[in-house]
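> Residues per chain, in single letters:
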Amino acid sequence: MPQRRPGPPPRGQVPPQPPQRGPQGQPPRRPPGPAPRRYAGPPPPPGANEETVIFAPVGKGGTATKEKPAPAPLGKGGVAIRTAGEILITLGLVVLLFMVYELYVTDLFSAGKQSEASDQLDGEWAHDRTLHPELVDGKAFARIHIPTFGVDYNFTIQEGTDDAALEVGPGHYKGTSLPGEPGNFAVAGHRVGKGAPFNDLDNLSSCDQIVIETSTDFYIYKVLPYDDEVKDWAGGKGADPKCKGVSTLRDPNAEDGGAYSETFGRKVVLPSEGTAVNPVPYKGADALPKAQQAALLTLTTCHPQFSARERLIITSVLTQQVPKNQVKDYGDLLSKIGEA
Amino acid sequence: MYAWIWRKLPGPFAAKLTIAVVLVLGVVALLMFVVFPWLEPRLWFNEVAVN
Chain A
1 MPQRRPGPPP RGQVPPQPPQ RGPQGQPPRR PPGPAPRRYA GPPPPPGANE
51 ETVIFAPVGK GGTATKEKPA PAPLGKGGVA IRTAGEILIT LGLVVLLFMV
101 YELYVTDLFS AGKQSEASDQ LDGEWAHDRT LHPELVDGKA FARIHIPTFG
151 VDYNFTIQEG TDDAALEVGP GHYKGTSLPG EPGNFAVAGH RVGKGAPFND
201 LDNLSSCDQI VIETSTDFYI YKVLPYDDEV KDWAGGKGAD PKCKGVSTLR
251 DPNAEDGGAY SETFGRKVVL PSEGTAVNPV PYKGADALPK AQQAALLTLT
301 TCHPQFSARE RLIITSVLTQ QVPKNQVKDY GDLLSKIGEA
Chain B
1 MYAWIWRKLP GPFAAKLTIA VVLVLGVVAL LMFVVFPWLE PRLWFNEVAV
51 N
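Chains as they are written, first to last, in the working numbering: chain A, 1 to 340; chain B, 1 to 51.
Hint data in this document are derived by calculation from the structure and do not stem from the laboratory.
Straight-line C-alpha distance at most 27 angstroms; calculated DSSO-like pairs for lysine-lysine:
1. A:K76 x B:K8
2. B:K16 x A:K68
3. A:K231 x A:K242
DEER-style ranges, computed between Cβ atoms:
4. B:K8 x A:A126: 55 to 61 angstroms
5. B:W6 x A:E134: 56 to 62 angstroms
6. B:F13 x A:S272: 56 to 62 angstroms
7. B:W6 x A:S115: 40 to 46 angstroms
8. A:R309 x B:A3: 41 to 47 angstroms
9. A:G150 x B:P41: 29 to 35 angstroms
10. A:Q326 x B:R42: 45 to 51 angstroms
11. B:G11 x A:S272: 57 to 63 angstroms
12. B:G26 x A:A285: 49 to 55 angstroms
13. B:W38 x A:L93: 17 to 23 angstroms
14. B:A20 x A:P69: 23 to 29 angstroms
15. B:R42 x A:G236: 44 to 50 angstroms
16. A:E181 x B:G26: 48 to 54 angstroms
17. B:K8 x A:K174: 51 to 57 angstroms
Per the computed footprint, the stretches of chain B lying under chain A, defined by three or more beta-carbons under 8 angstroms from a beta-carbon of chain A, are:
18. 23-32
19. 42-49
Every residue, glycine too, gets a C-beta built ideally from N, C-alpha and C.
Kindly produce the complete structure, drawing on both the sequences and the hints.
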């Protein structure tokens, strides 16, 4: 403790002018020599400065809290800075909350819509079995199953790819073929949030099955060979019994592989690549007459995950059609096609 | 801002706390059910289709 010469000032009073200072504001007298010592004696033992706590609580009814010095009130600038900080923190929390909404809450909303659409579709299929489904915007007309993602993986497919349709589940690109038809049955789906039906599309590999259920049939599609498998397909993976019915679709007589030279099981393209859902993918509408077109199924979603920079395109080919009156249900179908 | 709101809330501490929690939940619900669904289609990262 610095030693005050005339003893401590009485509490509650403004301390008088420090006596060390000279009358003309001159620095205090100091003996010449080495650095001045602030402490006259040895350093105080620990706890020694506790005796300066004047208002130690005495027990119940102590006045300690009352007499604690209040923080100096903020000026106008201080209040403005604090308010700005509070607003910024609040905005940060709102952004975080929006992420929670995107990733989790939309899943809840979509799950409700999906189960409603699924029930409605089942009801319609139970009533009448029309050969050609009536396509109404935003209304479910088929169902997609992907056995690789589990026996219970299924979503209804709605007509159209607008926001409202995709909120329910995957949506069918308007104007593209219908299940089982030659050409390209193209379906878009969310990868993050909104039920994320196509979350795991990048886990598919060639020859994995994708089952499309309509009111009358199960259509079994298999994913086409990937880029690095096309070259040695027949002698490589294509020989696998699992890949029965899957060809590279290449024309051996044409030098560049023919109409389907650009078609692979998986492709990552720019969002502007609308030709991915053409009857012959990545080729003009008149690349092949309808009768010669293969029956394809194309799934599109965003890529990479959490981004809309590119699109992931999975293309598969129809290998089998099983009328619903030949199998009891989807589980029965799975056991017949060797997936259960 | 929050200190000012807290001072404006009536009643003893428990009442203030209850009102504050209700207010926060109300704001969250407003964001989740009104603001975010309105905002979302205006953002770009939900596009999954090619065109």
